[in-house]
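Novice: This is what each chain is made of:
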Amino acid sequence: MTDAPKAKKQIVPKKNEMPAQDPVERSRNFNEVATGYSPETAKAEAARCLQCKNEPCRQGCPVEVDIPAFLKLAAEGDFDGAIAKIKEKNALPAVCGRVCPQESQCEKYCTLGKKHDPVGIGRVERFCADRELAGGVKVPGVAAPTGFKVAVVGSGPAGLTCAADLAKLGHKVTVFEALHVAGGVLMYGIPEFRLPKAVVQGEVENLKKLGVDIEVNSVVGKFATVDELMEGGGFDAVFIGTGAGLPYFMNIPGENLCGVYSANEFLTRTNLMKAYLFPNWDTPIKVGRKVAVLGGGNVAMDAARTALRLGAEESWIVYRRSDKELPARHEEVEHAHEEGVKFALLTSPTKIMGDENGVVQSMECLKYELGEPDASGRRSPVPIAGSEYVMDIDTVVVAIGQGPNPLVPRTTKGLEVNRKGNIVASTETGATSKPGVYAGGDVVTGAATVILAMGAGKVGARSIHDYLTAKKA
Amino acid sequence: MYKILEKEVFSPIIKLMVIDAPKVAKSCKAGQFIILRINDEGERIPLTIADYDREKGTITIVYQEVGKSTEQLGALEAGDYIKDFVGPLGEASHIEKFGTVLVVGGGVGIAPVHPIARSLKEAGNHVIGVIGSRTKELMFWEDKMREACSELHVTTDDGTYVRKGFVTDVMKEIIEARGKENINLVIAIGPQPMMRACSNLTKEYGLKTIVSLNALMVDGTGMCGCCRVSVGGKTKFVCVDGPEFDAHEVDWLELGRRGAYFRDQEQAAREKAKEKHTCQCGCGGGR
Chain A
0 MTDAPKAKKQ
10 IVPKKNEMPA
20 QDPVERSRNF
30 NEVATGYSPE
40 TAKAEAARCL
50 QCKNEPCRQG
60 CPVEVDIPAF
70 LKLAAEGDFD
80 GAIAKIKEKN
90 ALPAVCGRVC
100 PQESQCEKYC
110 TLGKKHDPVG
120 IGRVERFCAD
130 RELAGGVKVP
140 GVAAPTGFKV
150 AVVGSGPAGL
160 TCAADLAKLG
170 HKVTVFEALH
180 VAGGVLMYGI
190 PEFRLPKAVV
200 QGEVENLKKL
210 GVDIEVNSVV
220 GKFATVDELM
230 EGGGFDAVFI
240 GTGAGLPYFM
250 NIPGENLCGV
260 YSANEFLTRT
270 NLMKAYLFPN
280 WDTPIKVGRK
290 VAVLGGGNVA
300 MDAARTALRL
310 GAEESWIVYR
320 RSDKELPARH
330 EEVEHAHEEG
340 VKFALLTSPT
350 KIMGDENGVV
360 QSMECLKYEL
370 GEPDASGRRS
380 PVPIAGSEYV
390 MDIDTVVVAI
400 GQGPNPLVPR
410 TTKGLEVNRK
420 GNIVASTETG
430 ATSKPGVYAG
440 GDVVTGAATV
450 ILAMGAGKVG
460 ARSIHDYLTA
470 KKA
Chain B
0 MYKILEKEVF
10 SPIIKLMVID
20 APKVAKSCKA
30 GQFIILRIND
40 EGERIPLTIA
50 DYDREKGTIT
60 IVYQEVGKST
70 EQLGALEAGD
80 YIKDFVGPLG
90 EASHIEKFGT
100 VLVVGGGVGI
110 APVHPIARSL
120 KEAGNHVIGV
130 IGSRTKELMF
140 WEDKMREACS
150 ELHVTTDDGT
160 YVRKGFVTDV
170 MKEIIEARGK
180 ENINLVIAIG
190 PQPMMRACSN
200 LTKEYGLKTI
210 VSLNALMVDG
220 TGMCGCCRVS
230 VGGKTKFVCV
240 DGPEFDAHEV
250 DWLELGRRGA
260 YFRDQEQAAR
270 EKAKEKHTCQ
280 CGCGGGR
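As they're listed, the protein sequences go chains A and B.
For the record, in the first sequence the residue sitting at position 50 is 49 according to numbering that gives the first Met the number 0, with numbers rising by one throughout.
For the record, in the second sequence the residue sitting at position 27 is 26 according to numbering that gives the first Met the number 0, with numbers rising by one throughout.
To be clear, the hints were calculated from the coordinates, so they are not data collected in a lab.
Hints are supplied without guarantee of correctness; some may be wrong.
What the hints assert, rightly or not - Quick list of in silico lysine to aspartate or glutamate cross-link-like pairs, DMTMM-like style, CA-CA up to 20 Å: (1) A:Lys350 <-> B:Glu253; (2) B:Lys28 <-> A:Asp116; (3) A:Lys273 <-> B:Asp263; (4) A:Lys14 <-> A:Asp116.
Since the structure is predicted, the reported quantities are computational estimates derived from the model, not experimental observations.
Working from the sequences, and respecting the hints, build out all of it.
Specialist: Written as structure tokens, this is what we have:
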């Protein structure tokens with residue numbers, strides 16, 4: 000038999016639409032916005048992949064997923080095969096399929112995307128992962144025990160990824176989490192309507208099946224220091240992935256008034272503590288009628304959209320540059336617009352004013368115009384003299400960024416940190432100034448994305464494995 | 000899950016529990032706090048550590064029932080479990096040989112001040128204890144405090160026990176009698192109005208005073224900033240920078256206002272819980 004001549008692949012120019020809840024309806028509930036592909040759509044979308052030789056999409060994936068291979072399997076309807084292929088590299092596919100900025104990663108480099116829509120790689124990934132979570136997860140093979148013990152500090156995306164990779168290599172991993180559930184920012188930060196908490200817990204359960212121990216309610220730096228874990232705790236290496244758990248404030252007058260929240264507090268009350276179910280759940284939150292969210296990143300969009308769902312009549316993004324400079328993902332900005340979030344652009348607050356009880360009442364803002372590009376390449380905002388105006392407001396959410404949580408750096412001897420307090424660690428290896436201690440994710444880079452943290456977790460796991468292997472020899 | 004090993008009822012609203020929490024007991028120090036959550040729906044409740052036993056692996060907490068969650072906690076018994084218990088959190092008290100230290104506990108604040116008094120005495124200080132409560136029924140741990148301090152003064156606001164007067168009245172007498180130069184440090188823990196009154200008094204004498212603040216908190220690890228308070232004009236987080244601060248630097252008005260922000264919601268939740276309690280077990284809500 001001779002090979003049939005290779006048929007030229009039929010090009011499908013448009014990405015299959017992601018089904019989603021109606022914007023008006025969803026802006027008042029916490030159910031997931033995007034409802035996910037059907038098997039048929041997932042298959043059809045995967046089949047759009049050209050299976051091109053040079054596989055440019057793969058360079059865009061921080062966790063090195065073999066994208067063409069899993070799409071091929073999905074296109075054939077072999078979703079079990081597809082998810083197994085993804086999970087060779089990615090321990091949290093249901094999370095990544097939802098919150099990765101694919102447009103600036105894998106899909107950015109997609110060959111099809113040069114002339115048409117790129118393949119909806121994230122959407123197919125999400126379908127495969129959800130299907131597996133719903134139907135029961137197959138535990139991937141784990142190497143024979145090495146006898147080494149590794150402590151992972153923090154159970155966010157960096158820590159969970161590092162733990163999964165190390166466990167697969169046969170190391171005994173214990174993850175220490177400060178809060179009462181595992182998941183870090185995936186649980187406290189990213190809202191339910193973008194990343195359902197049941198999905199996160201599903202992924203966490205999968206990790207446990209790999210033999211990873213997760214100890215919640217365990218604040219490293221408090222119940223034990225990193226040094227104590229290594230000396231008395233019997234851990235051979237430590238990975239620190241404690242994230243960007245320190246909220247920044249504007250340092251303007253009135254920021255400690257009642258009704259001013261950091262985005263971390265606003266989102267933690269809502270997501271982790273489920274304040275939207277108060278009083279059936281015990282943690283309260285107040286939003287009032289009109290909310291101003293300061294900042295223009297993904298966290299700001301999450302907070303502004305959350306405010307609407309909590310019952311605010313008006314939710315404003317207050318950002319000092321123009322819409323072109325908004326650091327949030329385009330899709331998030333679009334969703335916010337659709338849901339009715341309002342934008343006060345080229346605007347920045349100068350002070351917050353309160354009533355006789357110290358509760359926020361209004362905010363004075365200054366208008367800006369764009370000047371010359373700054374070091375980041377973005378045009379820097381210049382205040383317009385005399386443009387002050389007052390915005391009546393009930394709640395302010397400060398979402399201008401987060402720094403590294405100081406608990407571990409403060410209590411770990413010999414751990415080098417930079418001026419901002421971030422742990423100094425090699426990008427290539429995750430190695431810190433302290434032997435046997437590795438770090439990655441936001442605690443090293445400052446607040447970034449879930450997938451970059453996962454990439455750093457992966458790098459850390461590889462280096463720890465090399466370190467332990469060398470130790471054995 | 001964390002087991003309640005012992006429960007002691009000091010008064011209808013002040014209760015003690017000994018919790019099985021070896022991880023916390025191993026490393027905690029005087030002045031630090033824990034956060035507990037009763038069940039899956041529960042809020043995170045910060046409580047200063049009242050005592051610990053490293054060998055038994057236990058932590059003692061004393062709390063006053065002030066809302067739905069603490070009432071729910073108060074309804075639990077020895078042998079029951081609570082969902083989450085994390086700590087030690089916050090910075091430990093600064094303990095060294097200061098000389099003579101005036102240690103003041105008001106109301107439920109007698110509990111957290113106890114291990115501090117004990118540590119100070121162990122460090123070689125002359126510890127003058129003052130404990131006060133609103134009325135006799137709410138007084139507890141007089142014996143433990145007597146042991147922890149070099150001398151102890153007891154008072155009640157209404158005069159139903161030992162003597163009548165606020166802790167500040169007793170403090171003033173002690174400072175006047177001994178001379179302010181013979182007191183090296185004051186530590187005061189209790190309800191905010193009491194700590195504020197102590198602070199105002201010692202400020203007049205120029206006596207350095209440390210207070211342990213009880214701000215609203217969520218995570219307790221410096222992540223959310225809910226517990227921020229202005230101290231000396233700078234914003235501090237009670238959970239990681241405190242809970243102890245220089246009393247004379249604290250913005251008490253701001254602290255009080257921030258602490259009261261959710262009061263209407265807390266009240267509503269409490270009422271609702273009581274209603275539910277009445278109809279479910281038929282005890283008439285009397286518990």
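Novice: Hint numbers the structure violates, sorted upward?
Specialist: Those not satisfied come down to hint 2.
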